[in-house]
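Quick note, the sequences are listed as chains A, B, C and D, same order. To get the numbering used here, take the position in the first sequence, counting from 1, and add 3. To get the numbering used here, take the position in the second sequence, counting from 1, and add 3. To get the numbering used here, take the position in the third sequence, counting from 1, and add 3. To get the numbering used here, take the position in the fourth sequence, counting from 1, and add 3.
Source of the hints: derived by calculation from the structure; they are not laboratory data. C-beta: ideal position from N, C-alpha, C; glycine also. Do not rely on the hints blindly, as some may be mistaken.
Footprint (simulated), chain C over chain A, 3 or more residues, beta carbon under 8 Å [to be verified]:
1. 86-95
2. 287-300
Pairs of lysine to aspartate or glutamate residues, derived as DMTMM-like cross-links and limited to a Cα-Cα distance of at most 25 Å, are as follows [unchecked claim]:
3. A/K175 to A/D65
4. A/K130 to A/D46
5. B/K45 to D/D262
6. A/K113 to B/D305
7. B/K233 to B/E94
8. B/K175 to A/E120
9. C/K115 to D/D339
10. A/K175 to B/E231
11. C/K58 to A/E342
12. B/K175 to B/D193
13. D/K113 to C/D305
14. D/K6 to B/D74
15. B/K6 to D/D339
16. C/K45 to C/E87
17. C/K45 to A/D254
4 protein chains.
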Amino acid sequence: MSKIRVAVLGASGYAGEELLRILLRHRHATVTAITSRSSAGKDVSTVFPRFTNSKLTFVMPDAAQLAKNCDVAILALPHGTATEYAIPLLESGVKVIDISADFRLKSTEKYKEYYKEDHPSPALLAKAVYGLPERYRGQLKSADLIACAGCYPTSVILPTSVLLAAGLVSPKGIVVASSSGVSGAGRKVDLPYIFPECNESFRAYGVVGHRHLPEIEQEMAFAAGESEIKINFIPHLIPMNRGINSTIVMDAAPGCTLDKIAEAYQKAYGNEQFVRILPAGRAADTKYVFMTNTCEIGFFLDARTNKVIVTSVIDNLTKGASGQAVQCMNIRFGIDEAEGLI
Amino acid sequence: MSKIRVAVLGASGYAGEELLRILLRHRHATVTAITSRSSAGKDVSTVFPRFTNSKLTFVMPDAAQLAKNCDVAILALPHGTATEYAIPLLESGVKVIDISADFRLKSTEKYKEYYKEDHPSPALLAKAVYGLPERYRGQLKSADLIACAGCYPTSVILPTSVLLAAGLVSPKGIVVASSSGVSGAGRKVDLPYIFPECNESFRAYGVVGHRHLPEIEQEMAFAAGESEIKINFIPHLIPMNRGINSTIVMDAAPGCTLDKIAEAYQKAYGNEQFVRILPAGRAADTKYVFMTNTCEIGFFLDARTNKVIVTSVIDNLTKGASGQAVQCMNIRFGIDEAEGLI
Amino acid sequence: MSKIRVAVLGASGYAGEELLRILLRHRHATVTAITSRSSAGKDVSTVFPRFTNSKLTFVMPDAAQLAKNCDVAILALPHGTATEYAIPLLESGVKVIDISADFRLKSTEKYKEYYKEDHPSPALLAKAVYGLPERYRGQLKSADLIACAGCYPTSVILPTSVLLAAGLVSPKGIVVASSSGVSGAGRKVDLPYIFPECNESFRAYGVVGHRHLPEIEQEMAFAAGESEIKINFIPHLIPMNRGINSTIVMDAAPGCTLDKIAEAYQKAYGNEQFVRILPAGRAADTKYVFMTNTCEIGFFLDARTNKVIVTSVIDNLTKGASGQAVQCMNIRFGIDEAEGLI
Amino acid sequence: MSKIRVAVLGASGYAGEELLRILLRHRHATVTAITSRSSAGKDVSTVFPRFTNSKLTFVMPDAAQLAKNCDVAILALPHGTATEYAIPLLESGVKVIDISADFRLKSTEKYKEYYKEDHPSPALLAKAVYGLPERYRGQLKSADLIACAGCYPTSVILPTSVLLAAGLVSPKGIVVASSSGVSGAGRKVDLPYIFPECNESFRAYGVVGHRHLPEIEQEMAFAAGESEIKINFIPHLIPMNRGINSTIVMDAAPGCTLDKIAEAYQKAYGNEQFVRILPAGRAADTKYVFMTNTCEIGFFLDARTNKVIVTSVIDNLTKGASGQAVQCMNIRFGIDEAEGLI
């Protein structure tokens, strides 16, 4: 079998680094181009010393040029810049997998509300398939444009969509307290992210109106069959490198039991390689998914308050970004879904 | 003025260490005895090298002996062991300040429900004043037995009691997601607490029925004037040494505004040295209370979901334990409330 | 090609976990048995939740039984217990790769000096090949018993042996200051290793006479062609999970230059996949070898003091333990040396 | 007694923050001015939220204005900018305590070699007293200009000067491997200092020719009575906030014993409040000096190699910067040397 030729656009951040780490051990893919405006012409090892032996050199991003050498382009670009590359690449027949948030929302209104500008290509928005394999595997098999699910959203949607779809929890009044390692902020050189400001610090941010909110609500509504769901989503920063924990509190629907929850999860994820459902009453732990593509889910029922509580963890750079992108790529190209990810 | 003679019981844990740190720079107190069953006869520096020059030696805990040399005994003993010392000490006229949870609950039923045994001294339970100065300063001035507020409870009760008392939030359906540094687990030698199991790990625990729950609910109910309040309280472990963050989500009552919240806090805490209210919309950060006796509180109003969200931070060993104990002591003995704590 | 059948003995520590992580993605090896006295009969996921889907169950270590099902046994047992299993396994024709220190020293006198007892099998000591592929690849190809190089020793021997062999540095007066992440202490439940005792702590230990000292000196002497070399080796504990840095200060031999050092390294390691030589004047960084099998080496020449200074980093659990074991196994069985390690 | 009026210049970094923390609880000092070019006009709490109740406002640094309101100015300015303020302040009769490196070297040649420019005021260089109380207390009592010892230098000079002066170690061939928490780099917003680049990272830097080298060598030479001493000093970065460890390897002089070392330390530091000498054979630990003004020293003798090994720890922001500045100020103004520092 000939190898899938992959172009990586915008590889100088942490998601780009993780993508390279995965692709360099992928047996059926080969990186044919890797772009960076700021580092074009330099060896990849100048940015990421761990790839010294990769023999890769950054090039300027040029869609026409890239289209000649790749079957798929994975975009790890800053939010708001994907469309510019996605359009010509798609027109040249290249599949596009976008790690940014640019194509995740179906509603152009929501996009404008949260990103403060009109979406540059509503047509692409409609065309994009949401890159969360456990929910959209069927559509992903033939998708030309894949909008990978975000990090927080992945950790929230995987555990909640099943319970909403099964009618085991109420779609009203859901509260999500999420916490992320600092790599979630990207490779950002800014005072709040220097070591002494993060170490021994734990703090909430984006308490009201975080940009991942509409994406989470959209997918919850789809799962629940509702036209709209409104939740509270409160992210926090943890003094660690990688990992997201989402603690989700929902009203139990009448008749909901721990057994029914376990059954619903077993039915939905029993055959999934990258979802691990814990026995009832055990909380998930970020360290057990560190540098893996797994989402680990623990669940609880509080009879006193009639709440279902779920804790869910992922590695924000793997299942929350680059691992998921490769999983989507594997599905799209019909190869073993776990290739490169074990 | 003659110095307050203080006996510290059970000083070999982190709360004991913090207590010594504070008392050794207290100008109006002197440590006359420090007990430890396991280290009796040894210099304090064998357990805490930082106190090499303190010239203190651990002694066996002997209430009769202690009573001769102290005005107040601060108990940093394991839960369930305070009564044994509190009774004879109180009978000898010694004031008792307990850092454990033994005298915090007013209801013997709740005590039995959460601690699985009858309370050894319901009379003392009735007599104890809850050691949270910002709520009970008046009673603390003449209290003989003070039950210091717990770490998680302090971080939750200070911000919520004001809003409940002012009728700005509903007492129903409150969700609290709290997170604590590892010193909160005590100086416990157990696999889950060794460094590689905690570092790069974030996980919930005690998701349903944590022992701090009835204490929080009790004080919330007192503040709200309700006979009972039921909440969800979900603690997590953060890979850092010290600090607690509590993120609290409540239904806004009709007419609640950010201004009214700010006003209520100003009224309640405007003159408090150890409470810092942030401007609306800014989240609290554990690093700003690290090794201080301060509780920092940030607040938000989410108009979409009609929720009030509060984030509140303390240092679990200072305001959450030993600092609070000294603050209570200062109040009880009529000296500057901040002595030793700045 | 039929897969190499691997038995893992003593897999409940961090080296065992890392070994499983690597072997489970190895294309030409299959784990046929995994032993643990304390967890026999339990699913591997009870100890390491990340391996939930591995379907592996711990068994009691029984050499006769193991010999029927494996081609090679990798021993991740506590020091001092390897001989008991190695003898019967070797007699049954099973290759043995030991991660402990039991077979690393050639001198029984040194063994007794540092381990305070006679070596249980001097014959095996003589037979064992030192498991450091970059130095002993030839012998490893046909070795029946492989004694994997230790973590600190690997980080010290790889950079120094080349310079000693080339006569670029003096074998006298070498000073090594090494520092290790806490996983280097094993999965040890002991007060000095709990999180609050390690976090924000950096301290030396084993300052005089650490057990890795004779191993380092032995290999340095072999490389230098000396009968004996005496060095100072001072290990420290770093508040992080994984990674070793060794900073090595040596007297430059007459005529030594940066170019000659670079040339010697290029000659020795230019074709090595798992050694990365940095340009002169750049220090190694543990984060660039985190969870990899690479040793990264930086070098300097201080003309003022006529010293060569080398800094060298590895991941103590990968190149310093389990990765190296698998690298040795790959060599012994004639397959791609990097299989499972990329 | 009227309070010492203190002006703090350049208080927006970590040393400035630590200085304020100490001064705000100092009973005999009051902060009369605090300057910051970038934050002039703003409340101190905008930069350091922990000082919300301090009522302090940043002002522009204006020497003439400052001279009217202060008895002493403590300079926490970037290296190279102290002279501009020191000259007019000294002329106005204000005592100057400089935390930067600007006045520490006695040799203008060395200054030029390491700082690449001529010293702006050789006269002040000659006049400055080195701010290391345990070595220069006598001169500090009447000093007008005090050049506080650097962080690394303090950790190295305190333990070595005693042994050099007593002739217990050789001044030749000394090797120092030091490691510092990230706050040692200042509040610097630069890629190498963001959290994910430091966490799980340990690396050397400034391996040859670090700027603290001439300062260390100068004081070693003074102590040893040598005209010049050349050492190797190799700093590293530790993933923690505060703390420096220096591991120092020296040749034992003939007749050197552990008892003689202990005796020399006892004689030099037996009455010092801020030096803690450990029993022979125990290594120092940064966590025992965290947020204190103490230097803890452990010592060893390796008979095999005839080396004396010392490990020494300080908190880089306290004894290594702001605590030391206040200790010097207390000495200069004739008050209790420990005021504000316990």
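Original post:
Three or more residues of the stretch 287-300 of chain A near chain C by CB distance under 8 Å?
Top reply: Result for this restraint: holds, n = 7.
**OP:** Mind checking the alpha carbons of C/K58 and A/E342 for me, to see if they're no more than 25 Å apart?
**Re:** holds (19 Å)
**OP:** Assess, step by step, whether the Cα of B/K175 is no farther than 25 Å from the Cα of A/E120, and give holds or violated.
**Re:** Since the Cα atoms of B/K175 and A/E120 sit roughly 39 Å apart, the hinted pair is violated (cutoff 25 Å).
**OP:** Could you grab the alpha-carbon distance between D/K113 and C/D305 and see if it respects the 25 Å cut-off?
**Re:** holds (17 Å)
**OP:** Could you grab the alpha-carbon distance between C/K45 and A/D254 and see if it respects the 25 Å cut-off?
**Re:** Violated, at about 36 Å.
Subject >> Verdict on chain C covering the stretch 86-95 of chain A, where coverage means 3 or more residues with a C-beta closer than 8 Å >> reply: violated (count 0)
Original post:
Taken at face value, is the distance from the CA of B/D193 to the CA of B/K175 at most 25 Å?
Top reply: violated (37 Å)
Original post:
Are the Cα atoms of C/K45 and C/E87 separated by 25 Å or less?
Top reply: Status holds; Cα separation ~24 Å.
Original post:
Taking only the CA atoms, is the gap from B/K233 to B/E94 under or equal to 25 Å?
Top reply: The given pair, whose Cα atoms are some 37 Å apart, is violated under the 25 Å limit.
Original post:
Given the hint that A/K113 pairs with B/D305, does the C-alpha gap stay at or below 25 Å?
Top reply: Distance of about 17 Å is within 25 Å: holds.
Original post:
Can the restraint linking A/K175 and B/E231 be considered satisfied, given a maximum Cα separation of 25 Å?
Top reply: holds (24 Å)
Original post:
Between A/K130 and A/D46, does the CA-CA distance stay at or below 25 Å?
Top reply: violated (36 Å)
Checked against the numbered hints given earlier, this structure breaks hints 1, 3, 4, 7, 8, 9, 12, 14, 17; the rest are met.
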